[in-house]
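*Asks:* The chain contents come next:
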Amino acid sequence: MMRDQIGATDISDEMLAAYFDGELSDADAERVAAAIDADAELRGEFEQLGLLGGLVQHGLARKANQVPQARFEQIWDEIDRAIANDARTASEPKEISPSIWGRVWAAFKPLRVPAIAAAAAAAVTVYVVGQDDSDPNKASDTVVEVTPSPSTPEPGNDDGAGPQPMPAPVTKIADANPVVVPPEPSELAPMEVPDASGVEIHNIDLGGGGGRISNTGTVTVLYLDEEPAQADSERSL
Amino acid sequence: MSYWNNNRNKRLLASLLAGVLAPTVAVGAVMATESTAEAATKKARCDVHAVLASKAGEVGIPPTLEFLRQQLSQDEFAVYKSFYLVEKISAKTTLEKAADFKFKSGNQLSLKLLGDDGAKLKLHAKMTSRDGASDLLNADYSIVPKGVLVIAGGEFEDGGNSGRLFFAVQCDRAG
Amino acid sequence: MATTDSDDQELVAAAQAGDRRAFQTLYERYERKVYAVAYGFLRNQEDALDVLQEAFIKVHRYLPNFEGQSSFYTWLYRIVANLCIDHLRRAGRKRDVEFDDKLKHSEASESSAHLPISSLGDPAQAVKNKEILSAVEAALDQLSDKHRAVIVMRELQGMSYADMAKEMGCSKGTIMSRLFHARRNMQKILSTRLDHVPEEGDSSEAGDSLTQEAAS
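Chains as they are written, first to last, in our numbering: chain A, 2 to 238; chain B, 820 to 994; chain C, 15 to 230.
Hints in this document: simulated from the structure, not taken from any laboratory. Beta carbons are placed, not taken as given, at the ideal position from N, Cα and C, and that holds for glycine. Mixed in with the good hints, there may be bad ones.
Label-pair distances were calculated between CB atoms; the ranges are [as the list claims (entries may be wrong)]:
#1 B:Gln893 - A:Ile202: 13 to 21 Å
#2 B:Gln893 - A:Glu193: 14 to 22 Å
#3 A:Glu193 - C:Arg35: 16 to 24 Å
A few chain A residues that don't get close to chain C, going by computed Cβ distances all over 10 Å [to be verified]:
#4 Leu56
#5 Trp77
#6 Glu201
#7 Thr217
Facing chain B, from chain C, some residues (calculated, C-beta under 8 Å) [to be verified]:
#8 Glu68
#9 Arg75
#10 Tyr76
#11 Asn79
#12 Phe80
#13 Trp89
#14 Arg92
#15 Asn96
#16 Lys142
#17 Ile203
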């Protein structure tokens, strides 16, 4: 819907606003600037835009200034906790490192001999009990498994320009906060894919730039655009 | 008078019965609801395989991706000659909490179980751009347990190979 | 405190190297600005504080991926805008009707509206007038979410039409038109509210009633 022209000029409201927002080409901007100089009504409209912007900025800044500093400090504490939690999660595998054992070893330095004797006794006990009550389901508590590299042989492509062998893909549990449950050893194998997935999309929003959905019946692929072009469809709020 | 008495007695009896039966019915209903709720899926395990599809080379489908052969052999992927498993991430989601998957590429996927109609799991998927500044995907979808939904991301380079990144998402009931 | 992009870049580099104090300084530098933006979108203190928290956690998580192609605050504001739009969209599922901005802007946009500039006096003073700012608050409350979003993205975040279009998933033309309608609505609401605003200090009663209205 185009706007009415303002005053005696051919400058529309939207064009004036685009000029105010610095969105016009140099040529158009010059034309609007000249029209503003020449037309009082247009100048008034232009000032309205400036005033409105200033009012919104000050109105919201005033609102922000009404929040006590303690609230922002409280929020920082929450952020700090989340950051610490992230760091802990990220370094978890590293924590099971020789340094910990080194520290434990050092702490027990005066007790090494009796500790080793006790450990040996415990090991013997566990072995004996284990012999009596062996349970194949008592699998080791593997949390993270690094799967072997997909060492697919390069079929006769010796020109040196072929693809590089991939580094070992890593199987890991999600490292985010939610319900991260260590997978059972059986869960480390891929799931057996059924013949038809029967994907039904109920609601979809493909970000700002869009993308597309492809459904061949056997496989449904959602193509996302990382650097989206201008979209015509609107992302609903 | 006897008619009135008779009616009154009937009403008395009915209200007594109602008084006795109502809690029983209510308790029964609550128990039935609880048992139904218990039977419903509350947790799902999800696996996401990040797959690099390259137009170069003749690697084809490696053993680690053999389980996806049917999908990767579709015309949809005909342009790619080599597939590489970049990483596999597993996590569990519940009706209350989403599972987040952070990938080497920087993309982050969040999957949340929304329900289970007996045949299909209903999930919400959200994927963010590599810099986290925008959402690339927000979708609610239903899928049979273990079924594959493929999300195609952007260009990626890993271990000297470059191509397009695909995320094969599978979820199964886990309680 | 005046800040520059280069100051930010130094802090970002330090934070990327693991300096948590540098990250805290970035937070302190932007906490109120981010809050103002989030409040502009969401109109609720607790929701705005939630977004502030979520935004900085997200910024920290993605900090290793930030290569400085845009300035830090541009990146930060994009994240904030995205979180706010997400928040509104989630809420929108529960109250779809209120999110159809056609219901709200059509009438107001048809007639032109002007702020009573002459009665507001000096614009530099007007932006400090409590009654006027309360009226601005109330006017923002009355706008649809989409109109408020474009006003905040443009006036507070200084986003370009292209960035706003990307954020809202629509064309630049739609943004241009929506921003026009949003401003026109805002002018109309404000001009109605400010018709009888007394000069600062004339009457405290009028100011109180406007403040109450804004808070309700």
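*Asks:* List in ascending order the numbers of the hints, as given earlier, that are violated by the structure.
*Replies:* 3, 4, 5, 8, 16, 17
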